[in-house]
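Top to bottom, those sequences are chains A and B.
Everything in the first sequence is counted per this note's numbering, starting at 6 for the first residue and increasing by one.
Everything in the second sequence is counted per this note's numbering, starting at 1478 for the first residue and increasing by one.
The hints are simulated quantities; they were obtained by calculation from the structure and are not laboratory data.
Among these hints, one or two may not hold up.
Just the calculated beta-carbon pair ranges, DEER-fashion [said to hold, decoys possible]:
(1) A/S64 x B/K1482: 11 to 21 Å
(2) B/R1494 x A/T25: 42 to 52 Å
(3) A/R68 x B/P1591: 23 to 33 Å
(4) A/S12 x B/N1484: 29 to 39 Å
(5) B/R1494 x A/E19: 46 to 56 Å
Okay, the calculated bits of chain A under chain B, using three or more residues with CB under 8 Å as the criterion [stated by the list, open to error]:
(6) 15-27
(7) 51-58
(8) 106-116
Derived pair list, reagent style DSS-like, types lysine-lysine, alpha-carbon separation capped at 30 Å [said to hold, decoys possible]:
(9) B/K1514 x A/K62
(10) A/K57 x B/K1514
(11) B/K1548 x B/K1531
(12) A/K62 x A/K20
(13) B/K1531 x A/K27
(14) A/K62 x B/K1482
(15) B/K1548 x A/K62
Fair warning: this is a prediction, and the values are worked out from it, not measured in the lab.
Virtual Cβ for every residue (Gly too), placed ideally from N, Cα, C.
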Amino acid sequence: AAGVIQSPRHLIKEKRETATLKCYPIPRHDTVYWYQQGPGQDPQFLISFYEKMQSDKGSIPDRFSAQQFSDYHSELNMSSLELGDSALYFCASSSGPGGDTQYFGPGTRLTVL
Amino acid sequence: DQQVKQNSPSLSVQEGRISILNCDYTNSMFDYFLWYKKYPAEGPTFLISISSIKDKNEDGRFTVFLNKSAKHLSLHIVPSQPGDSAVYFCAASFSNNAGNMLTFGGGTRLMVKP
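Chain B extracted, bound-state conformation (with noise of 0.2 Å):
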């Protein structure tokens, strides 16, 4: 049973406009959660994080907002530039220990047209 849902394999968007990437988790006990950027061959790249204990976070472009009761996340984009073009995944940990394990979603190939 996958913990950790994208369930939109695909997003596409116009540039400038906003991109609302989405994300639903199973497991109630997770409290820390992050995105990821990622091109083909390469290494995940970190973009923001939010914990449990708050219901958004915003960094530049990007803002995350959490809904703990509806066990969902998203990211927002604004405004989206063709260089955020990528697979993003969401990502959902525990925060008790070092060492904790990220469980991935499946992902989301954003792609934003010029």
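Bound conformation, chain A alone (with noise of 0.2 Å):
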């Protein structure tokens, strides 16, 4: 069965540089969510859409931004990056409204130089 695909899978950045993670749900999921693990931590929800509108936003820092796009594919853009921002990104989706089984993707490693 097809999965959550996440591109690129390993990324390399400088402080103060600019990353751009890419997310595409499961066919026929309509929500798709971002969270970030740090080493020896659980993980920690960013920001959520549901059918191409922000649902939900948690601690996502004011330099990150992202948005679903009308294919539902979705992407987490990050500027002006800083050391602790080097974690492992994944994105989830799921079909409907509240209470559906989150679905993860392979997650991208990003580390910040």
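Both chains are given apart, each in its own frame, so use the hints to dock them into the complex.
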């Protein structure tokens, strides 16, 4: 079965640079979520979109922005990167209103030097 | 304040025996709970979920129990297999809207010994 696709899988950036992470949800899923997992930590929710509208917002820095496009894929844009942004970034998708299971992608490992 | 807690950072079990992973939560408004299995540098893999209207859900070797009055849930794996060795996260959510976030516990590392 098709899963959530994330690209790139690995990304290395310098401080103060920008990065764009992409997420392609499972077909027919209309909701996408972004999570950040630092070393030794549990995943922390950043932001979600349902039917291309922002749905829920967590601890996402103002330097980050995201959107969901008409084909339901989503992009997380990160500017003025800091060393502390180094983490695994997961995208998840689900179908329909609340209570549905979120299926996670393999993640993008971002390293900021 | 952490709303979802997994108080055991690790658990070691013999192959063939039962593994019991525990999870506590503080927010009584949570009404949907999930367990995920995770390997290093990979995304969480969904295992099993339970709605607050139920107290038990079973899927093969995996059973989740929910005790709402105690705000406690547990995952039972029977029989445990070496391939079950991974980090297990419980997560909680609200089911009232689309796009509701998952709140994760800190994870429990399960080691199943042959």
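**Study point:** Residues of the segment 51-58 of chain A with Cβ under 8 Å from chain B, three needed, outcome
**Key:** Coverage by chain B holds for the segment 51-58 of chain A (4 residues, Cβ < 8 Å).
Check your understanding: Between B/K1548 and B/K1531, does the CA-CA distance stay at or below 30 Å?
Key -> Holds. B/K1548 to B/K1531 sits at ~13 Å (cutoff 30 Å).
Practice item. Using the Cβ atoms, figure out if A/S12 sits within 29 to 39 Å of B/N1484. Key: holds (37 Å)
Practice item. Decide if the proposed pair is consistent with the structure: B/K1531 and A/K27, CA atoms, cutoff 30 Å inclusive. Key: Roughly 36 Å between the alpha carbons, so the hint for B/K1531 and A/K27 is violated.
Exercise for review: Check whether three or more residues of the segment 106-116 of chain A sit with their beta carbon closer than 8 Å to a beta carbon of chain B.
Suggested key: Three-residue rule met by the segment 106-116 of chain A, so holds; n is 8.
Check your understanding: Given the proposed pairing of A/K62 with B/K1482, does the C-alpha separation stay at or below 30 Å?
Key -> holds (21 Å)
Check your understanding: Holds or violated: 23 to 33 Å for the Cβ distance of A/R68 and B/P1591?
Key -> violated (47 Å)
Practice item. Examine the segment 15-27 of chain A: at least three residues should have C-beta closer than 8 Å to a C-beta of chain B. Key: Answer violated; 0 residues pass the 8 Å Cβ test.
Point to revise | Range hint compliance [Cβ, B/R1494 to A/T25, 42 to 52 Å] | key: Given range 42 to 52 Å: holds, Cβ gap about 47 Å.
Check your understanding: Taken at face value, is the distance from the CA of A/K62 to the CA of B/K1548 at most 30 Å?
Key -> Holds, at about 25 Å.
Check your understanding: Within 30 Å, alpha carbon to alpha carbon, are A/K62 and A/K20?
Key -> Given that 30 Å is the threshold and the Cα spacing comes to 25 Å, the pair holds.
Review point. If you check the beta carbons of B/R1494 and A/E19, does the distance land in 46 to 56 Å?
Key: holds (50 Å)
Hint compliance for this structure: hints 3, 6, 13 are not met, and every other hint is.
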